[in-house]
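Engineer: Chain residues, written in single-letter form:
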Amino acid sequence: MTVTKTQTPAVRRAGAAEGDLELASRRRNRRTYLVLLLPGLLGLLVSFVFPLAYMIRMSFNRGAPDGVIEETFTLDTYIQPLTDPYYWRVTLDTFQMGVTVGLLCVLVSYPVALFLARSTSKYRGLLMAIAIAPLLTSAVVRTYGWMVILGTNGLVNSSLKGMGLIDTPLKLTNNMTGVTIGLVEIFMPYAILAMISGFGRLSPQLEEAAGSLGASKLQVFTRVTIPLSLPGILTAFLLVFVLSISTFITPRLLGGGSVQVLATEVYDQTTGLLNWPFAAALSVILLILFGLIIAVYQRLTKKIGG
Amino acid sequence: MRVITKGKIALAAAATAAALVLTGCGGGSGSTGGGNSSATSGELNLIAYSGVWQDQYTAAVIEPFKAKYPDIKINFVSKRSSAEMLSALQGQKNSPATDVAIMDNSVSTTGNTQGLFDKIDATAVPNLANVPDKFKGKDGFGPVVMLDAVGLLYDTATFPKAPDSWNVLWDPAYAGKINVNAPPSLLGLSLTAITSKMEGEDYTKSIDKAVARLKEMAPGVQTFAPNPDEYQNVITGQTVLGLGQNARGQFYSDQSNKKMGVTFPKEGTVYQINTVNIVKDAPNKAAAQTFANYALSAEAQTAFAKALFYAPSVTNAELPADVKARVVPTDGSLNIVPLDVEFLSSARDKWTDIWKRQIITK
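In order, the protein sequence lines correspond to chains A and B. Okay, so the first sequence: first residue is 229 according to my numbering, each after it adds one. Okay, so the second sequence: first residue is 5 according to my numbering, each after it adds one.
By construction, these hints were calculated from the structure, which means they are not laboratory data. Just so you know, not all the hints are guaranteed correct.
What the hints assert, rightly or not - Below, a list of computed lysine to aspartate or glutamate pairs in the EDC-like style, where the Cα atoms sit at most 20 Å apart:
1. Lys263/B with Glu303/B
2. Lys263/B with Asp326/B
3. Lys201/B with Asp168/B
4. Lys399/A with Glu220/B
5. Lys445/A with Glu435/A
6. Lys399/A with Asp175/B
7. Lys262/B with Asp168/B
8. Lys97/B with Glu435/A
9. Lys360/B with Asp321/A
10. Lys270/B with Asp258/B
11. Lys263/B with Asp344/B
12. Lys219/B with Asp206/B
13. Lys284/B with Asp125/B
14. Lys399/A with Asp233/B
15. Lys354/B with Asp312/A
16. Lys213/B with Asp175/B
17. Lys360/B with Asp312/A
18. Lys97/B with Asp321/A
19. Lys201/B with Glu271/B
20. Lys140/B with Asp344/B
21. Lys123/B with Glu322/B
22. Lys70/B with Glu220/B
23. Lys354/B with Asp304/A
24. Lys289/B with Asp75/B
25. Lys310/B with Glu67/B
26. Lys310/B with Asp258/B
27. Lys270/B with Glu322/B
Same shape as in the complex, but just chain A:
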């Protein structure tokens, strides 16, 4: 007993010391994490939070002709686009473009992503690099490439003419068709990467099991492969959708002034008409649209995840 009595405080002291050490170490770790996070957080604050706050404040000012900004607090900049059918149409066109590009991009990227995810070839790394290689070239350069390919005298029209299939060139550029083609190609690498990272649950054993239980190849694909790759498909769709509705270069260059989406409208208001408050309000509307879509996406993924 005596021994126990004399030992207990020592053990306690040792235990307490150990606990203190652990606590101190945990505190040190937390401090290290904070210090490591600080540059990133500061960068985010300067490059994202401040401009965002500035933009939101700007959206409540009033834009007079020729770039004069009246510092005030008005909702006019929001009332105007929300009550004007033209801006509803522009918003709807933006949304439609995002959905169309998202769907087409997923459709053409899915086979490539599936092949790359399953490949056991020693060249898999190389194939992967080839699939995402277009990212090494700027979207502006690739858009100019599409302008050359889709133009009146471009590769497509010249080939079709040469084969005697058309007399007058098809209008493949300076409209939504050209913008859609360009965006699908430009965002394919993102879709492929997003899908591969989302194919974690996809397992060849499950497909084999379904096959051995009598499912046809089509049934295996529609009832096993697709449901298991759905998280990857949804992530890719969301990523491409968000990138599409926020992109301005391709709609501007391949749209030929006929494609009016929120991003091009923001550009025109900012640089052409110098109405920064109105441009800021349109950007906030675009941001809200992002938020809504992401909320829907999260609900969907939760549902799929069980």
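Given chain A's structure and the hints, the job is docking chain B onto it.
Structural biologist: Using the frame of chain A, we list chain B on its own:
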């Protein structure tokens, strides 16, 4: 769990994309400061047009200026349009980082009313004496430094003889082969005024008839925002007719071995006039005055006319006959549709809106 993790990745990606859009909207412009310059030394910050204009102005005017004033260092900040320049200057209003701006007079007039520019001191800029009164700035602000006008661009293979009327833009034979720059581009605003005049309207009161006529033309327009620009569209055969500036049109006509031509149709055209302006509270005012004086010299204006076919604004500039024949006439011999700059600054938003909603077709 995995799904949610991927969701977070997508969220982060979406946030990054949003950040890119938003920071892109932040605008703003940067320029190097200077200060403490004298009339013959120090730094000078010039804001003017980009692209071929910058290249040619640098070679024809800035380089000789630097040879003459080796102690003045020029920082050239280039912008695609005068509106972008105005936007940059507005952003610097409280602490100007620009000394001289060369921009369209419809925009510089706005800058004058907004207090962005100083009046020109004739004693510090003696070459102002060679600028005729009609080209001197109202109330003593920046004078005209060069003139140009809107021209009709055409493919010389399709049109061995230059078209003489704007009506060719409505000819069904060329439907789908036309490029037109929609407003707020000055080209589109000019076409609106020209069409209004052709329809017998007073565009300051109404453009209804012009809009109806432009709507007839719109389905035949290949692009309302030609890329890389209006000239290359014609040169590469994407279109056969287009709107463009005479000066650049002449330059690219030579560059393309005359594949493209530029002409002034009989119904008239609109001047595009550039002014040289000294920014109010410019950090290097003395050097700015020295530069403005040089820009208004016969030497600089003749050199730039030879390089990019802008008509000089000073009376003592003598052009060789072959250059004179290709710059816009300023002696009253050309049919000009007067586009009042003060009216234009109030109509720009309205006309742009009309084009977007009523004229531009999908």
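Engineer: Run every hint past the structure and note whether it holds.
Structural biologist: Hints and how they fare:
A C-alpha spacing of about 31 Å is found between Lys263/B and Glu303/B, which places the hinted pair above 20 Å, so the restraint is violated. With a C-alpha separation of about 19 Å, the suggested pair Lys263/B and Asp326/B falls inside the 20 Å cut-off, and the hint holds. The straight-line distance between the Cα atoms of Lys201/B and Asp168/B is roughly 16 Å, inside the 20 Å bound, and the hint therefore holds. Between the alpha carbons of Lys399/A and Glu220/B the distance comes to roughly 19 Å, so the proposed pair stays at or under 20 Å and holds.
Taken as a hint, the Lys445/A and Glu435/A pair is honoured in the structure, with Cα atoms around 9 Å apart against an allowance of 20 Å. The hinted pair formed by Lys399/A and Asp175/B meets the criterion: a straight-line CA distance of about 19 Å does not exceed 20 Å. Between Lys262/B and Asp168/B the CA atoms are separated by roughly 18 Å; this keeps the pair inside 20 Å, and the hint holds. At roughly 67 Å between alpha-carbon atoms, Lys97/B and Glu435/A are farther apart than 20 Å, so this suggested pair is violated.
The suggested pairing of Lys360/B with Asp321/A holds, with an alpha-carbon distance near 14 Å, which does not exceed 20 Å. Between Lys270/B and Asp258/B the alpha-carbon distance is near 24 Å, which puts this suggested pair outside the 20 Å criterion. As the CA atoms of Lys263/B and Asp344/B are separated by approximately 34 Å, the hinted pair breaks the 20 Å bound. Our distance criterion of 20 Å between C-alpha atoms is met by Lys219/B and Asp206/B, whose separation comes to about 18 Å.
For the proposed pair Lys284/B and Asp125/B, the alpha carbon gap of about 12 Å is at most 20 Å, so the pair holds. About 19 Å separates the Cα atoms of Lys399/A and Asp233/B, which keeps this hinted pair within 20 Å; it holds. About 15 Å separates the Cα atoms of Lys354/B and Asp312/A, which keeps this hinted pair within 20 Å; it holds. Pair hint Lys213/B plus Asp175/B holds up; C-alpha atoms about 18 Å apart against a cutoff of 20 Å.
Proximity of Lys360/B to Asp312/A is assessed by CA-CA distance (about 13 Å); at most 20 Å being required, the pair is judged to hold. Proposed proximity of Lys97/B and Asp321/A is contradicted: the alpha carbons are some 37 Å apart, above 20 Å. About 8 Å separates the Cα atoms of Lys201/B and Glu271/B, which keeps this hinted pair within 20 Å; it holds. With a C-alpha separation of about 15 Å, the suggested pair Lys140/B and Asp344/B falls inside the 20 Å cut-off, and the hint holds.
With a C-alpha separation of about 28 Å, the suggested pairing of Lys123/B with Glu322/B is violated against the 20 Å cut-off. Simply put, Lys70/B and Glu220/B have alpha-carbon atoms about 51 Å apart, too far for the 20 Å limit, and the pair is violated. For a cut-off of 20 Å, the pair hint linking Lys354/B to Asp304/A stands: about 17 Å separates their Cα positions. Between Lys289/B and Asp75/B, the direct Cα distance comes to roughly 15 Å. Compliance with the 20 Å bound is thereby established for this hinted pair.
The suggested pairing of Lys310/B with Glu67/B holds, with an alpha-carbon distance near 15 Å, which does not exceed 20 Å. At roughly 12 Å between alpha-carbon atoms, Lys310/B and Asp258/B fall within 20 Å of each other, so this suggested pair holds. As the CA atoms of Lys270/B and Glu322/B are separated by approximately 27 Å, the hinted pair breaks the 20 Å bound.
Violated hints for the displayed structure, listed by number in ascending order: 1, 8, 10, 11, 18, 21, 22, 27.
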